[in-house]
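Visitor: With the hints as extra help, turn the sequences into a complete structure.
From first to last, the protein sequence lines stand for chains L and G.
All residue numbers in the first sequence are consecutive under this note's numbering, ending with 434.
All residue numbers in the second sequence are consecutive under this note's numbering, ending with 434.
Keep in mind the hints are simulated off the structure, nothing from the lab.
Just to be clear, a hint being listed does not mean it is correct.
Which copy is meant is left open, so a pair is good if it fits within one copy or across any two.
[Stated by the list, open to error] Cut-off 25 Å, straight-line C-alpha distance, at most; resulting in silico cross-link-like pairs (PhoX-like, lysine-lysine): (1) K29 with K42; (2) K75 with K425; (3) K211 with K189; (4) K84 with K425; (5) K67 with K42; (6) K75 with K42; (7) K424 with K241.
There are 2 protein chains.
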Amino acid sequence: MNANLGIDLQKLNIAQKKVAVSTEVERNKILNAVADKLLERKEEIYSANLRDINQSERESAAVPLIKRLLFDEVKLLSAVEGIKQIISLPDPKGRILEARELDEGLILKRESCSIGVIGMIFESRPDALIQIAALCLKSGNCIVLKGGSEAAETNRMLTAVFKEVSNDLSFASIGSDWIYLLETREQVKEMLEFDEYIDLIIPRGSNSFVKYIMSNTTIPVLGHADGICHSYIHSDADIAKTIRVTVDAKCQYPAVCNALETLLVHKSIAGKLLPVLKKELELEGVEIRGDAECRSIINCKSAVETDWGSEYLDLILSIKLVESIDDAILHIHTYGSGHTDSILTESIQTAEYFMNAVDSADVLWNCSTRFSDGYRYGLGAEVGISTLKIHARGPVGLEGLMTYKWKLYGEGHIVSDYTGNGSKKFTHKNLPRE
Amino acid sequence: MNANLGIDLQKLNIAQKKVAVSTEVERNKILNAVADKLLERKEEIYSANLRDINQSERESAAVPLIKRLLFDEVKLLSAVEGIKQIISLPDPKGRILEARELDEGLILKRESCSIGVIGMIFESRPDALIQIAALCLKSGNCIVLKGGSEAAETNRMLTAVFKEVSNDLSFASIGSDWIYLLETREQVKEMLEFDEYIDLIIPRGSNSFVKYIMSNTTIPVLGHADGICHSYIHSDADIAKTIRVTVDAKCQYPAVCNALETLLVHKSIAGKLLPVLKKELELEGVEIRGDAECRSIINCKSAVETDWGSEYLDLILSIKLVESIDDAILHIHTYGSGHTDSILTESIQTAEYFMNAVDSADVLWNCSTRFSDGYRYGLGAEVGISTLKIHARGPVGLEGLMTYKWKLYGEGHIVSDYTGNGSKKFTHKNLPRE
Numbered sequence: 001m002n003a004n005l006g007i008d009l010q011k012l013n014i015a016q017k018k019v020a021v022s023t024e025v026e027r028n029k030i031l032n033a034v035a036d037k038l039l040e041r042k043e044e045i046y047s048a049n050l051r052d053i054n055q056s057e058r059e060s061a062a063v064p065l066i067k068r069l070l071f072d073e074v075k076l077l078s079a080v081e082g083i084k085q086i087i088s089l090p091d092p093k094g095r096i097l098e099a100r101e102l103d104e105g106l107i108l109k110r111e112s113c114s115i116g117v118i119g120m121i122f123e124s125r126p127d128a129l130i131q132i133a134a135l136c137l138k139s140g141n142c143i144v145l146k147g148g149s150e151a152a153e154t155n156r157m158l159t160a161v162f163k164e165v166s167n168d169l170s171f172a173s174i175g176s177d178w179i180y181l182l183e184t185r186e187q188v189k190e191m192l193e194f195d196e197y198i199d200l201i202i203p204r205g206s207n208s209f210v211k212y213i214m215s216n217t218t219i220p221v222l223g224h225a226d227g228i229c230h231s232y233i234h235s236d237a238d239i240a241k242t243i244r245v246t247v248d249a250k251c252q253y254p255a256v257c258n259a260l261e262t263l264l265v266h267k268s269i270a271g272k273l274l275p276v277l278k279k280e281l282e283l284e285g286v287e288i289r290g291d292a293e294c295r296s297i298i299n300c301k302s303a304v305e306t307d308w309g310s311e312y313l314d315l316i317l318s319i320k321l322v323e324s325i326d327d328a329i330l331h332i333h334t335y336g337s338g339h340t341d342s343i344l345t346e347s348i349q350t351a352e353y354f355m356n357a358v359d360s361a362d363v364l365w366n367c368s369t370r371f372s373d374g375y376r377y378g379l380g381a382e383v384g385i386s387t388l389k390i391h392a393r394g395p396v397g398l399e400g401l402m403t404y405k406w407k408l409y410g411e412g413h414i415v416s417d418y419t420g421n422g423s424k425k426f427t428h429k430n431l432p433r434e
Numbered sequence: 001m002n003a004n005l006g007i008d009l010q011k012l013n014i015a016q017k018k019v020a021v022s023t024e025v026e027r028n029k030i031l032n033a034v035a036d037k038l039l040e041r042k043e044e045i046y047s048a049n050l051r052d053i054n055q056s057e058r059e060s061a062a063v064p065l066i067k068r069l070l071f072d073e074v075k076l077l078s079a080v081e082g083i084k085q086i087i088s089l090p091d092p093k094g095r096i097l098e099a100r101e102l103d104e105g106l107i108l109k110r111e112s113c114s115i116g117v118i119g120m121i122f123e124s125r126p127d128a129l130i131q132i133a134a135l136c137l138k139s140g141n142c143i144v145l146k147g148g149s150e151a152a153e154t155n156r157m158l159t160a161v162f163k164e165v166s167n168d169l170s171f172a173s174i175g176s177d178w179i180y181l182l183e184t185r186e187q188v189k190e191m192l193e194f195d196e197y198i199d200l201i202i203p204r205g206s207n208s209f210v211k212y213i214m215s216n217t218t219i220p221v222l223g224h225a226d227g228i229c230h231s232y233i234h235s236d237a238d239i240a241k242t243i244r245v246t247v248d249a250k251c252q253y254p255a256v257c258n259a260l261e262t263l264l265v266h267k268s269i270a271g272k273l274l275p276v277l278k279k280e281l282e283l284e285g286v287e288i289r290g291d292a293e294c295r296s297i298i299n300c301k302s303a304v305e306t307d308w309g310s311e312y313l314d315l316i317l318s319i320k321l322v323e324s325i326d327d328a329i330l331h332i333h334t335y336g337s338g339h340t341d342s343i344l345t346e347s348i349q350t351a352e353y354f355m356n357a358v359d360s361a362d363v364l365w366n367c368s369t370r371f372s373d374g375y376r377y378g379l380g381a382e383v384g385i386s387t388l389k390i391h392a393r394g395p396v397g398l399e400g401l402m403t404y405k406w407k408l409y410g411e412g413h414i415v416s417d418y419t420g421n422g423s424k425k426f427t428h429k430n431l432p433r434e
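Guide: Written out as structure tokens, the structure reads:
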């Protein structure tokens, strides 16, 4: 038992094994039962949530926080619907990613499997707990959760539902030790140092919160701190298309990570584009901050050095004129966050050059940066958006919770037979994957 | 310019973009020219190597070190052959891993691409420099190298060959800034803190060296510190097969990471197995260290607690009797290193249970742990063996140097059209992958 963390590591170890050998049917049965139990115990859940809300109101919490904290019938039904959707997803475990005959009777398979233990830290949205716990169980992972302290009572109740159902042996023999709820910041600090036991951290919440997590752990973090998204307007861009896409990327929902923050405009098109664009953006209430060359064409505020590295999350757009596509790429590599960057051009060759050169998770051609999202990409379930460069990148579906292992099936094969003169030879014959 | 590291980050940034947009033909041309140039300048390389060797001999270096340090005609020809093999591998860049129509004219592709900048730290084998630099160029990555200081002159010469060829514009316009050589330990220390610029560290060398790197950086490390490999002998195992496989796994090459270190024997088969096994192992000079129950059956040294966590890399085998397959799995999870673990059983169901439950990169049935290797697995080129649980696991081929990005191709699509009433709907139609 780890005293501070309140986790029995031996039990967690055993739970990890139990989930690893469980069948899809067992895991789906538990998820179904969780959905039923959430509905069955809804009054208890609502009153736990009411206690959290009352407490937050007594502490004069901000209105948006209380709105996120609320777990009512609408949120419950949507969470239950979410679980049903997760159940309907194909089993991500046990997929054969590669198969090869090494020699007669010696068969190699690379097979998808669970990562192990996921640490999830989220702020005050209790529905996030249900979604991520369900995704972890679906994918055969254990989970250590820490929710916002404002939602302590709700989270305790929701975790109890998962534990209660998992303990019911009529569904499966997984037991309840695959899910743990942490309650204090001290426990989170300790979890961040637990790189031997936690395989992946998924933080949800504000950028500053995610940044804090990223800089305080050596465990891989699936998430993104900033979303400083660029759009580069090439000399041959279609003006009408550019304006339409730029207004959407900036204004459709400015408070999110895939909203446009900086526009890079090729000099030769700036004279024609900027005056019209300015009119359209100002209709939407956008404040423009331009560099000196931009301001020689349109009248706007002056952009300073810090503007290029700013994620406004607001109706503000910085504009810079560039000499060439390479200047645009260099600017993106210098100030960008590797999240989502786009190009507007009528040439597919120019688009491909940009999309290959820009080192970002999502690179887009002639469309709004706002498309960069798991739901719009059709990923089924979104685990998060990642700016990790290894493992999972951009919008991440269930496969972000998976790794693989190599399975080798022999009939008593030994390596000595394959060394020295006159020895056996490997056949290395690729086999169909499934 | 980063003063201590001696790397111009602006130039590295530009080089990364140049390699990213380079074609397979260009990268292969450079590799071909490197192979030619190595042969052309072989005398200079040998004499640089001789200076390194003389220096090491003056410093009374150990014979195995000098053997590894030697870069002669045999090593050169084998390195050149290695480059030719790397050239013949299919281009790992630009593979379409997933493709989906989101709506008419809005096409999403998940495409393999280079990770960016690889940091490679290796000890005194200069041939390792050639192999990894060639693999990095093939896969479109930049590389920061640090070799053993004993090989300083050889490494400088080999790096110069890569740089010289890359600067020759008749091959490609990549330039020479994609490859850097560090020369001091201080630079390595600094590189380990450079998580903004180095995307992946690949250390080669002794276990203690790899362990040092792993515990001194937040950059992902592709490698493995220990290889504490187990074999579990189930109650129904075939005795003759078990002995054959166990002797091979322990004795065929005991100094390597995939050699067997601990044997876990089901109680009900121990009486029949152990006396015969002991005889065979002792013929090979293996020292057996058994737990109390093992010693009640055969006469051997006593295993103590530290034995279970030891990677002997020598002709020593620890043996423990277990009550059940679950006990064996628990032992492996407690003392193992997640590298390679095997089961001997005549039942495929039992084998699958073990292989699913054991959380290791490689899980084997009825064959020697020594098969766990990139060459034997038929991976083409081996970048390393990894005990990372995310990104790449077990023997890693060229794909360990790759990540992916999402490319979205539109025709002026905006998100506003997909929100609210009467809006457009996503089609989310999967497309063929290539």
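Visitor: All hints are to be evaluated individually against the structure, with a verdict given for each.
Guide: Each hint tested on the structure:
1. In this homomeric assembly, K29 and K42 come within 25 Å of each other (Cα to Cα) only inside a single copy, at 20 Å, whereas the closest approach across copies is 67 Å.
2. In the homo-oligomer, the alpha carbons of K75 and K425 lie at most 25 Å apart only across protomers (24 Å), although the nearest pairing inside one protomer, at 61 Å, exceeds that limit.
3. Taking the shortest Cα distances, K211 and K189 sit within 25 Å of each other both inside one copy (14 Å) and across copies (24 Å).
4. Taking the shortest alpha-carbon separations for K84 and K425, only the inter-copy value of 22 Å comes in at or below 25 Å, while the best intra-copy value is 50 Å.
5. In the homo-oligomer, the alpha carbons of K67 and K42 lie at most 25 Å apart inside one protomer (18 Å), although the nearest pairing across protomers, at 72 Å, exceeds that limit.
6. For a Cα distance limit of 25 Å, the shortest separation of K75 from K42 inside one copy, 11 Å, qualifies, whereas the shortest one across copies, 71 Å, does not.
7. For the homomeric pair K424 and K241, the shortest alpha-carbon distance between copies (18 Å) is at most 25 Å, but the shortest distance inside one copy (64 Å) is not.
Hint compliance for this structure: every hint is met.
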